[in-house]
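J.: Spelled out from the first residue to the last, the chains are:
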Amino acid sequence: MSEVTEPEGGFILRPEGNGTIRLARQGLGVFGRQREATVLIVAVALLLYFGLSYRSTFVSSVNLVDLLSEYMAPIAIIAIGEVLLLICGEIDLSVGFVYTYVPFVMYDAIMYYHVPVALAAILALLAGVVIGWVNGFITVTLGVPSFITTIGTGFGLQGLALVVSHAEPLPLPTAWNSVGKWLGIPGNPWQWAPLIWTVVLILIFHVVLVRSRWGLYTIASGGNLLGAREAGINVGRIKYGNFMITGFLGALVGLQTAFYTSSADPSGGGYAPMFNAVIAAVIGGTAMLGGSGTILGAFLGAMVLATLDDGFTIAGISSNPLPIIFGSAILIAMIANVQLGRLRQAGRAL
Amino acid sequence: MTVQDQTPQAPGGPGPAPDEVLRAEHLSKTFGAVTALNDVNLRLARGEVLGLIGDNGAGKSTLLKIFCGFQQPDTGRILVNGEEVTLKSVTQARSLGIDVVYQDLALVNELSVYHNMFLNREQVRWSLLSNRSMRRIAEEHLNEMGVHIPSVNVPVASLSGGQRQAIAVARAVFTNAKILLLDEPLAAMGVKEGAMILDLVQDLKRRGDVSIIIIAHNYSQVLDVCDRVNLLQHGEITLDKASRDTSVQELNDIVVAEYRRALEERQRSA
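Chains C and X, in that order, are what the protein sequence lines are.
The opening residue of the first sequence carries number 330 in the working numbering; numbering runs sequentially from there.
The opening residue of the second sequence carries number 293 in the working numbering; numbering runs sequentially from there.
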């Protein structure tokens, strides 16, 4: 042991491997770090394809509103929450039912308690935050895996929406549009509001993720839960917070859709927008196992899904095969993630 | 088994000496029916490297977790720099200058080296991370400590085990740790990487402003860098000697005797 304990002074830690392997690994590293690059190429390619093939219909203000405010915005906004949760090692399957339920909170507050519309909308958003807190409480404090927690709360919310609405859609009075226009209603210029909300929220949460303590701790919680705890990070608070952010965003999308369609629909929302958001996050480069992900990638992922959905409609192709494409997209993205990860591991092992 | 009650050789005798940075008196801790620590007394002088050795399950990790505020003892008291303290949390222990480098390193593989070095003590300006400043300081500090890595921007995942351990030690010292607890620093490490870490410990010892407890179950690796060793057996400290007064041979004999006794007990009860 003596030669071990008496090394020459100072030491240099060299990166292992020879030049070629190092280069290869760096190349893969860039590919890995810039996972948005892949989805960006796909999104641009799809936009170009539909834009050039169906110029008159696809590149019209009517269709751009459909594409961006109606198809893309809900997916992208919910995806922000899912990205944060996936990074810190959780998931929210109930957020689509937050979307379903909270318009009724607003509706009842106005109709039965004569709360002003703006305040009622804020109450509905707060309801989303509270539901997020409940998800956090059951997951973090009571220790139930979030996959199960949010299936349970999701069912609960779906039931609540059905009970309070008597399973019938409720029309929203047009008088409420004085508030609703800020969230998005048909017609110029308010039809662009959902898109603007999306862009602003994406930018805010992108900065939160890459440039704030909250983002750093979210990554740390999912990357090394025990390590984050040992470093003194309050991991529970981070997870609670991300559930509450997701609840808030689900509620926002629920209200936006209610105003846009002038109705609170108990059959709206549900699993579809939630799964679309998770798919957008994953094809955008967020790891299902936690520790890494990008908000911009999820935005581009939402763009890809929305373009496919809208493009198929424009092209007059039946939307029946669309789930096949979505399913394939998520599988290809996951296979690419897993295999690239394996290649990186192999590179390191060499 | 021979219980060797050695008189403490550090200055000060029974009372807390001025250059005694850490003292534990009569610490006990049980988990249900299991006694993890039983009346443990331990002291650490300024600039000293103490080897806390013992078999798996002897109570080393429990003692470490108490010192870093992760767990609280059932009885006993702890003095830091001669003052009695209650270590309620990791953050509080850290504010007293006690920091720990865990076996699992507590590094986040997905984050860069400098984000790991600043984890939970980030520099922020208007709520935004001051990445440039943190990067520069991390670079300077690693250079000063003689830890060389390709770049502080790379994710920790891309570093070797020895590099990661070095980063973890550097991080602790960097945050002004005065009492550094190294939990199995050489576990799962090759000879060359282990040498790096031991060299780093010796370097810190030369500087003298950090006191170190190295927790190890393989004492042969660490004996040479330690000033003193404490042997922990079944939750009790059964040996306290200066490193020069003991040897790997002596420690071996104690451990072999313990194994022999355990084997005999087992065969008797069978």
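Since the hints were derived computationally from the structure, they do not count as laboratory data.
Be careful, since some hints might not be right.
So the derived list for chain C, only partly shown, Cβ under 8 Å to chain X, looks like this [to be verified]:
| hint | residue |
| --- | --- |
| 1 | G565 |
| 2 | G620 |
| 3 | T642 |
| 4 | G645 |
Cβ-Cβ distance ranges computed for the label pairs, FRET-style [as the list claims (entries may be wrong)]:
| hint | chain 1 | residue 1 | chain 2 | residue 2 | range |
| --- | --- | --- | --- | --- | --- |
| 5 | C | L532 | X | P442 | 47 to 57 Å |
| 6 | X | H440 | C | P518 | 53 to 63 Å |
| 7 | X | G482 | C | L555 | 23 to 33 Å |
| 8 | C | T470 | X | V326 | 25 to 35 Å |
| 9 | C | A374 | X | D501 | 40 to 50 Å |
Virtual Cβ for every residue (Gly too), placed ideally from N, Cα, C.
J.: For every hint, state whether the structure bears it out.
T.: These are the hints, each one checked on the structure:
1. Because the closest C-beta pair between G565 (chain C) and chain X is about 14 Å apart, greater than 8 Å, the hint is violated.
2. Interface restraint check for G620 (chain C): the shortest CB-CB distance to chain X comes to about 4 Å, inside 8 Å, so the restraint holds.
3. Checking T642 (chain C) against chain X: minimum C-beta separation of about 39 Å lies over 8 Å; hint violated.
4. Hint on G645 (chain C) is violated. Least Cβ distance to chain X is approximately 44 Å, over the 8 Å limit.
5. Checking the proposed 47 to 57 Å range against L532 (chain C) and P442 (chain X) shows it is violated: the Cβ atoms sit about 32 Å from each other.
6. In this structure, H440 (chain X) and P518 (chain C) meet the distance hint of 53 to 63 Å, their C-beta atoms being roughly 57 Å apart.
7. Against the hinted window of 23 to 33 Å, the Cβ-Cβ separation of G482 (chain X) and L555 (chain C) comes to about 24 Å, which satisfies the hint.
8. For T470 (chain C) and V326 (chain X), the Cβ-Cβ distance of about 27 Å falls inside the hinted range of 25 to 35 Å, so the restraint holds.
9. Checked against the given bound of 40 to 50 Å, the beta carbons of A374 (chain C) and D501 (chain X), roughly 59 Å apart, lie outside it.
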